[in-house]
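Trainee: Now for the letters of each chain:
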Amino acid sequence: MSKPRVAIFDFACCEGCQLQIVNLEEEILDLIGAVDMVKWREAMSESSEDYDIAIIEGSITRPEDEDRIRSIRSRAKVLIAIGACATMGGLNKLKNNFDMDDVRQCVYGDAGRMEHLDTAPTKAVDEVVKVDYKVHGCPMNPEEFTYVVRCLLMGKTPHIPDYPVCVECKMKENVCRWEYGEICLGPITRAGCGAKCPSASFRCFGCRGYVDDPNMTAAKDVMDKYGLSVDMLKSKLVLFGSKQGPSYE
Amino acid sequence: MSKRITINPITRLEGHGKIEIFLDDAGDVERAFLQIPELRGFETFCLGRPAEEMARITPRICGVCPTAHHIASTKCLDDLWHVDPPPTAKKLRELVYSAFMCEDHFLHFYFLGGPDFVVGPTAPATERNILGVIAKVGLDIAGQVIAMRRKCRELIETMAGKVIHPVFGLPGGVSKGITEEQRLEFLKTAETAVEFAQFSLNLFNDVVLKNDDYVKLILDDAYAHRTNYMGLVDENNKVNFYDGHVRVVGPDGDEFARFAPRDYTDHFAEHVEPWSYVTFPYLKSKGWKGFVDGPDSGVVRAAPLARCNVADGMATPLAQAAYEKMYETLGGKPAHATLAFHWARLVEALYAAERMKELLEDPEITGTDIRTEPTRTPDEGIGIVEAPRGTLVHHYFTDDNGVLTKVNLIVATNFNAAPIAMSVEKAAKGMIKGGKVNDGLLNMVEMAFRAYDPCHACATHSLPGQMPLVARVYDSTGKTIKELRR
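For the protein sequence lines, the chains are A and B, in the order given.
The opening position of the first sequence corresponds to residue 1 in this note's numbering, with each subsequent residue numbered one higher.
The opening position of the second sequence corresponds to residue 1001 in this note's numbering, with each subsequent residue numbered one higher.
Just so you know, not all the hints are guaranteed correct.
Said to hold, decoys possible - With a straight-line cut-off of 30 Å between C-alpha atoms, the simulated DSSO-like cross-links for lysine-lysine are:
1) A:Lys77 / A:Lys3
2) A:Lys172 / B:Lys1188
3) B:Lys1176 / A:Lys172
Just so you know, these hints were derived from the structure itself, not from any lab.
These numbers come from a predicted model, not from an experiment.
Using the sequences and the hints given, assemble the complete structure.
Mentor: Quick look at the structure:
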C-alpha cells in the first residue's frame, strides 16, 4: 500500500500551529516516515496534484483565499482544520466587528484604498468548505494533532472531547478560578487542552470554542452561586467567541 | 524603461510579501525593497477592548515570538496602571523570557540561519537545511539541539501555561510562582543550556572561524552597513532583554541617546513609503534621509549584533568573554557586518542561559509575593523588551475604565525593514550588472535577508529547511525574460 499523501496549507494566522508541528521534533520524523509529505508550504501549485489528507491552518480573509480553499478541498480526500483560526475563525474574527473600509484605513491610512490590500470579513474554514476533522485550540494541542493523524492512518475515527474544560481542570485538582472572582469560561468550553491555562492560575478564555451542547442550566447554577449573570459570561466570550458564524453544513 | 525583478519569498499571513528589484536603463540596480503585510488589523480590532486582554491578543500576532509580545504587553500594562510588580514577579518574568530567548536563538542558529554557515554558503541549496546540518554535525548533536529546546519549552510551559501564547503575565505581576522542587529541576535545565551554548560557540569557532573563506565572507563589505544601532541596556550599560533603558549609538559607536521607554516618542518617528505596508521608524533628530547608511542617516538597526554594539558588554562572565572574542575578530566595536548577527545570536544565547542560572540561584525566585494589585486609574502605558529579532515596543492609551482608545506596536522587523531593504539592494547590486542576473543572486539575497531573522516568511517554514524563492525579471513591456526558482 502506498503512503498517504499529506499536504499542509496556511491562510491568515500567526503560524503558531505549524510551529507546534515543528516542535514535535522526534515524533515528526516518525510522522514523515509514515506519510508522503507533498506540500508544506503556501503559494506552491496546489492545483497541480491531489492529496489524501489536506491540513489547513489559518482563517479565510480574502476573496481569492476562498477560491484557493475550494481548490484544495476538491483535491483532498480528507480535510483537517488545525487551530482556532481554521476551526472557528479565531482571533481574526474580531475584525468582523468593524467595517472593512475602516480596517484598511486604520492599518494602512490613505494607501488602504489600494486594490491589493482588499480584505473581507474573516471566515472559519468550514464556512467555505466541508471540514472533516478539527484540531481545536490556540494554538492547537500537538498531542491531539498526532492523535488525529494516527487515527486516520489506522483507519479509525478520532474521538474529540465533547465535555467542558472543567472536567480536565478537576482532574488536575486546580482550585476553581471562580473562587478567585474570575469569570472562567471552563464550563462552556470544549476540553482537550488539559486545562493548561487554569493550571497556570489563569482563567480559561475559550480558545477551543464551545462544547457542542453547553449545559447552560448548570452554568447558570454556577453563576448564581457566585452572584454573576449570563450576560457577564457572554461579555467574556470576546476573544474567541466573537462573531462565530454558521458552519458550511 | 526600467526592468522589474520580483522575488517572492514564501510568505506568512496573506501571502503577498515579496522583494522587488528595479533596474535602470543600463540594466543596473536602481532600487530594491521588501514588502511585508505585517499586521492583520490588530490595531483596529484592539480598540474598545479591555486593555488587560492585550497580553492575550498580541502574542497571536506571531506564533514564533509570542513570548516577546506577551512580556512587552504585560510590562506595558504595568505602566498603564502605574503599578510596580514585586521583585519575585519581575524575576519570574525574566526567567521565562531568558528561556524563550535561549530556545529561539538555538532555533534560528541550527534550523534557520545556521545551515548557511555550518553546511557552507556555497553548498547546494538542497543540503543547506536542517538535514544538512545534521549530516555535518552528526545525529548526536542534532539530538542535543532538540533536547535543549524541549527543556526550555518545558520550563516555559510549566511557568507560563503555554509555550505558544503564554498566559501568566498580569498587570502588576504574574499568575503563578515556582516551588523549590521546580527550581531545582529548572536549574538543571539552565546548567545544560550554559554548556550547550558554549558548545555551540565552539562549533561556530571550529566550522566557521577556522575557515578563512567564511571569515572573509562575514567581513565582506557587500554585507556591511554603517548604521545607527539600538537596544535595551541595564544600569551598567550591559545587554538586557527584559528591562532597562534604550541606548542608541551612531555608526562610530558613540552614544547618541539613552532614554527610558516612556520617552521613545521623543526619539523615534515612523516614515511611511507609498509602496510598503510597513512603517519605517527612524531617529527623529537625524530625520528620514532615505534608505542609506552613514553618520547622517536616521536608519537604526535592532538585532543581536545591534544590542551588542550599543552595550558596554554582557552582564555574565562567560558571555562577556565570548563578547570580547567576537569584537576582537570583527575588528572592534561597533561591528557593521550583517552576517555577524549569527555570531552575536550565540553570544546572546550564552548570556540568556547564564542569566537563567543566576535567576534560579537567587533565593527570591521561589518567593510567594508575586503580584501587586493595580489600584490606580489607567491612562497611557509603554512597554519595551528586546525580542530575539530586536527591540519591541507596545504603546497603549485607554479611558478611565481601561478600555483601549489607541494602540501602537512597533515590532523589531519594523526597525529592521529599512536595513533589510538596504541589505537586499546591496546584494542585488553586486549580482546584477548590465541587465545580466547572476544565478547566485537568490543565495546572496537570502543570506542577507535571513541574517535579520525577520519575523515573517521563514521561521515556521523551516522544514524542509530552505526558503523557496522565485525571482522574475521583466522587460519594459512586462514580458518575463528570466525566471530563477528554488
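Trainee: Determine for every hint whether it applies to the structure shown.
Mentor: Hint check:
no.: 1; hint: A:Lys77 / A:Lys3; verdict: 14 Å, holds
no.: 2; hint: A:Lys172 / B:Lys1188; verdict: 25 Å, holds
no.: 3; hint: B:Lys1176 / A:Lys172; verdict: 15 Å, holds
Of the numbered hints given earlier, the model fails none.
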